[in-house]
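Chemist: Residue strings, one per chain:
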Amino acid sequence: GAVVSQHPSWVICKSGTSVKIECRSLDFQATTMFWYRQFPKQSLMLMATSNEGSKATYEQGVEKDKFLINHASLTLSTLTVTSAHPEDSSFYICSARRTGFDYGYTFGSGTRLTVV
Amino acid sequence: GENVEQHPSTLSVQEGDSAVIKCTYSDSASNYFPWYKQELGKGPQLIIDIRSNVGEKKDQRIAVTLNKTAKHFSLHITETQPEDSAVYFCAASIAAGGYQKVTFGIGTKLQVIP
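Protein chains in written order, with the numbering used here: chain A, 1 to 116; chain B, 1 to 114.
Bear in mind the hints are in silico, worked out from the structure with no lab data behind them. Even for Gly, the Cβ is constructed at its ideal location relative to N, Cα and C. Each hint should be verified, as a subset may be incorrect.
Okay, the calculated bits of chain B under chain A, using three or more residues with CB under 8 Å as the criterion [stated by the list, open to error]:
hint, region
1, 16 to 27
2, 55 to 65
3, 71 to 79
30 Å max Cα-Cα, derived BS3-like pairs, lysine-lysine [what the hints assert, rightly or not]:
hint, chain 1, residue 1, chain 2, residue 2
4, B, Lys58, B, Lys109
5, B, Lys68, B, Lys37
6, A, Lys14, A, Lys64
7, A, Lys14, B, Lys42
8, B, Lys37, B, Lys71
9, A, Lys20, A, Lys66
10, B, Lys101, A, Lys14
11, A, Lys14, B, Lys22
12, B, Lys22, B, Lys101
13, B, Lys58, B, Lys22
14, A, Lys41, B, Lys71
15, A, Lys66, A, Lys55
16, B, Lys42, A, Lys64
17, B, Lys101, A, Lys66
18, A, Lys66, A, Lys41
19, A, Lys55, B, Lys71
20, A, Lys20, B, Lys22
21, A, Lys20, B, Lys101
22, B, Lys37, B, Lys109
23, B, Lys37, A, Lys20
24, A, Lys55, B, Lys101
25, A, Lys64, B, Lys71
26, B, Lys68, B, Lys109
27, A, Lys64, B, Lys22
28, B, Lys57, A, Lys41
Anything over 10 Å on all C-beta distances counts as not near chain A; from chain B, calculated [stated by the list, open to error]:
hint, residue
29, His7
30, Pro8
31, Pro82
32, Gly107
33, Gln111
34, Val112
35, Ile113
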């Protein structure tokens, strides 16, 4: 149990376009989802925390208007990278907190974004 | 905010030997310490975790120890196998408004040599 599906697993887009990444909890309800960014050979950096039905909380230095997060249901959160630029190329990973569980968050498999 | 330091950054061991990864954290309010294994191109997978009210936890070949006073925690893998090769991340988390805010270490690339 506790599976998180992230889609797409990889995407290539042109500069200036927008890309949407989906994070779904398949067999549980996720009150809270988290979005991370990971550069090659580096650690995971938290970008934002989203709670179902409310606005996301962004970490310092993360542009809210560039990285749009929507958590419209208990099983789906989306991250939209708007007006993407090559420097946005990275590995984006979501994780989900199972409703009623304080610990043991489950991660998605990640999305490799390449902006050309 | 919380700061987690992890070392070594790379670790090579012979198959069958043990591997130890160490982490320190800065915020004494952190109360949950998960360890994740990440294989190339995949998301992290939780392998073991420990809460602040426990000093040691073991799951088959994997064990984690926690020293709250020193703010140290460690991952021990015994009888290593080639499939243990991956990047391992420690993390410290703190309660923040109904959920746990997790801070990751820099990661340790473990290579198990057959």
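Chemist: None of the hints should be skipped; say for each whether it holds.
Modeler: Each hint, compared with the structure:
{"no.": "1", "hint": "16 to 27", "result": "violated (count 0)"}
{"no.": "2", "hint": "55 to 65", "result": "violated (count 0)"}
{"no.": "3", "hint": "71 to 79", "result": "violated (count 0)"}
{"no.": "4", "hint": "B:Lys58 - B:Lys109", "result": "holds (21 Å)"}
{"no.": "5", "hint": "B:Lys68 - B:Lys37", "result": "holds (23 Å)"}
{"no.": "6", "hint": "A:Lys14 - A:Lys64", "result": "holds (21 Å)"}
{"no.": "7", "hint": "A:Lys14 - B:Lys42", "result": "holds (24 Å)"}
{"no.": "8", "hint": "B:Lys37 - B:Lys71", "result": "holds (22 Å)"}
{"no.": "9", "hint": "A:Lys20 - A:Lys66", "result": "holds (12 Å)"}
{"no.": "10", "hint": "B:Lys101 - A:Lys14", "result": "violated (33 Å)"}
{"no.": "11", "hint": "A:Lys14 - B:Lys22", "result": "violated (41 Å)"}
{"no.": "12", "hint": "B:Lys22 - B:Lys101", "result": "holds (21 Å)"}
{"no.": "13", "hint": "B:Lys58 - B:Lys22", "result": "holds (16 Å)"}
{"no.": "14", "hint": "A:Lys41 - B:Lys71", "result": "holds (25 Å)"}
{"no.": "15", "hint": "A:Lys66 - A:Lys55", "result": "holds (15 Å)"}
{"no.": "16", "hint": "B:Lys42 - A:Lys64", "result": "holds (26 Å)"}
{"no.": "17", "hint": "B:Lys101 - A:Lys66", "result": "holds (22 Å)"}
{"no.": "18", "hint": "A:Lys66 - A:Lys41", "result": "holds (24 Å)"}
{"no.": "19", "hint": "A:Lys55 - B:Lys71", "result": "violated (34 Å)"}
{"no.": "20", "hint": "A:Lys20 - B:Lys22", "result": "violated (37 Å)"}
{"no.": "21", "hint": "A:Lys20 - B:Lys101", "result": "holds (24 Å)"}
{"no.": "22", "hint": "B:Lys37 - B:Lys109", "result": "holds (10 Å)"}
{"no.": "23", "hint": "B:Lys37 - A:Lys20", "result": "holds (26 Å)"}
{"no.": "24", "hint": "A:Lys55 - B:Lys101", "result": "holds (17 Å)"}
{"no.": "25", "hint": "A:Lys64 - B:Lys71", "result": "violated (34 Å)"}
{"no.": "26", "hint": "B:Lys68 - B:Lys109", "result": "holds (25 Å)"}
{"no.": "27", "hint": "A:Lys64 - B:Lys22", "result": "violated (35 Å)"}
{"no.": "28", "hint": "B:Lys57 - A:Lys41", "result": "holds (28 Å)"}
{"no.": "29", "hint": "His7", "result": "holds (13 Å)"}
{"no.": "30", "hint": "Pro8", "result": "holds (14 Å)"}
{"no.": "31", "hint": "Pro82", "result": "holds (21 Å)"}
{"no.": "32", "hint": "Gly107", "result": "violated (5 Å)"}
{"no.": "33", "hint": "Gln111", "result": "holds (14 Å)"}
{"no.": "34", "hint": "Val112", "result": "holds (19 Å)"}
{"no.": "35", "hint": "Ile113", "result": "holds (20 Å)"}
Violated hints, in rising order: 1, 2, 3, 10, 11, 19, 20, 25, 27 and 32; the structure is consistent with all others.
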